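**Student:** In case you want the letters, here they are:
There are 2 protein chains.
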Amino acid sequence: MPPETLTPERILEATEEVLRRYGPAKATVVDVARTLGVSHGSVYRHFGSKAALREAVTERWLDQAHAELSAVAGAQGPAAPRLRDWLAALFASKRRKAGDDPELFATYMVLVGENSGTVDRHIATMIGQLAGIVESGVRQGEFRELDPATTARAVWDATGRFHDPAYAAEWSRPEIDAAFEAVCELVLRSLRA
Amino acid sequence: MPPETLTPERILEATEEVLRRYGPAKATVVDVARTLGVSHGSVYRHFGSKAALREAVTERWLDQAHAELSAVAGAQGPAAPRLRDWLAALFASKRRKAGDDPELFATYMVLVGENSGTVDRHIATMIGQLAGIVESGVRQGEFRELDPATTARAVWDATGRFHDPAYAAEWSRPEIDAAFEAVCELVLRSLRA
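Protein chains in written order, with the UniProt record's numbering: chain A, 1 to 193; chain B, 1 to 193.
Since the hints were made in silico from the structure, they are not lab data.
Since this is a predicted model, take the numbers as computed values, not measurements.
Check before you lean on any hint, since a few could be wrong.
Remember, identical chains collapse to one label, so a pair may be satisfied in a single copy or spanning two.
Each computed DMTMM-like pair below joins lysine to aspartate or glutamate, with the alpha-carbon atoms no more than 25 Å apart [stated by the list, open to error]:
| id | residue 1 | residue 2 |
| --- | --- | --- |
| 1 | Lys50 | Asp147 |
| 2 | Lys94 | Glu170 |
| 3 | Lys26 | Glu55 |
| 4 | Lys97 | Glu4 |
| 5 | Lys97 | Glu17 |
| 6 | Lys94 | Glu16 |
All chains should be built: construct the whole structure from the sequences, respecting the hints.
**Tutor:** What follows is the structure, encoded as structure tokens:
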């Protein structure tokens, strides 16, 4: 039986597994290679350095919800409920990550701190999706005349409590859902024509 | 010459000085007493324990801007510019604390983590001041009919990037003032009748 092909995705899955097992301080490329039953040279052919591998696994983790959110952002229909759905889907995705596996979440917080460029790109993608929703709302006459990019950034900033990992400890509190609704309502009311 | 009277305020000033010099992990009540030239028993007569002293100095630090903000909240005139002034004064106060003395700021972040009850009371006071502004705007017909307490909480949450110490590292970035303006505009637009 020929060995399974070594793809970047398989390496990243193994890297996450190794990070989960050893923690971000101790995980090495050799551990990743051992988990896959390959030489560390094989891993380096896909990711040129340990730093590159850590960056790629961070990007993969941050991007996990992109496809789902992108589908919400690009859906048909009025913009206001779509904006709310998008914010709710983002919040739900972040909460799941933080709540289902707190140790892995803490590990990724360390990686996120090391890879600010990756984080900035992720945030730019998120704000781009928001801007698309705002722009369609303006075009449909549902939102007032406003600059989609500036508004999207302001909406992102104003909803930080519900997506910024710095607030993860608050996401299991009973009052958080009412707080989310109140901020959504504040934001949507502001955009309406 | 009679010795200067030992007041709680003098003890708290000395405590801040000791925290600044030794850091939150090493500062002791004996250090505070030595700085004041008194016995540690004299300090304990005002603050029953090291924990009580640390809590009191944290409260003092958090409350430093209360009086100034309270004056803004209670001023005469239209509510919208008052709300903006209040948010700007809060942001300016937090920025000063973080920027002028980053080491002391880091020290207080440790104390804040130890004294969540004190922090909750501080936040309740801040939201109470916001609710007062919102309520006067509703009464004057300047803001739409809304619940002042719920709205104040939502405004607090939506402006977290500009007062929550977790974001202190961003407060020196060049784009932060435009981001603050955009969120203020978003919030004010939402409240207007």
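**Student:** Does each hint hold? Answer for all of them.
**Tutor:** Tested hints:
For the homomeric pair Lys50 and Asp147, neither the shortest alpha-carbon distance inside one copy (41 Å) nor that between copies (53 Å) is at most 25 Å. In this assembly of identical chains, the alpha carbons of Lys94 and Glu170 lie at most 25 Å apart whether taken from the same copy (12 Å) or from different copies (22 Å). For a Cα distance limit of 25 Å, the shortest separation of Lys26 from Glu55 inside one copy, 16 Å, qualifies, whereas the shortest one across copies, 37 Å, does not. For a Cα distance limit of 25 Å, the shortest separation of Lys97 from Glu4 qualifies neither inside one copy, at 29 Å, nor across copies, at 57 Å.
Only within a single protomer do Lys97 and Glu17 lie at most 25 Å apart by alpha-carbon distance; the minimum there is 15 Å, versus 42 Å between protomers. Taking identical chains as interchangeable, the C-alpha atoms of Lys94 and Glu16 lie at most 25 Å apart only when both belong to the same chain, with a minimum of 17 Å there against 38 Å between chains.
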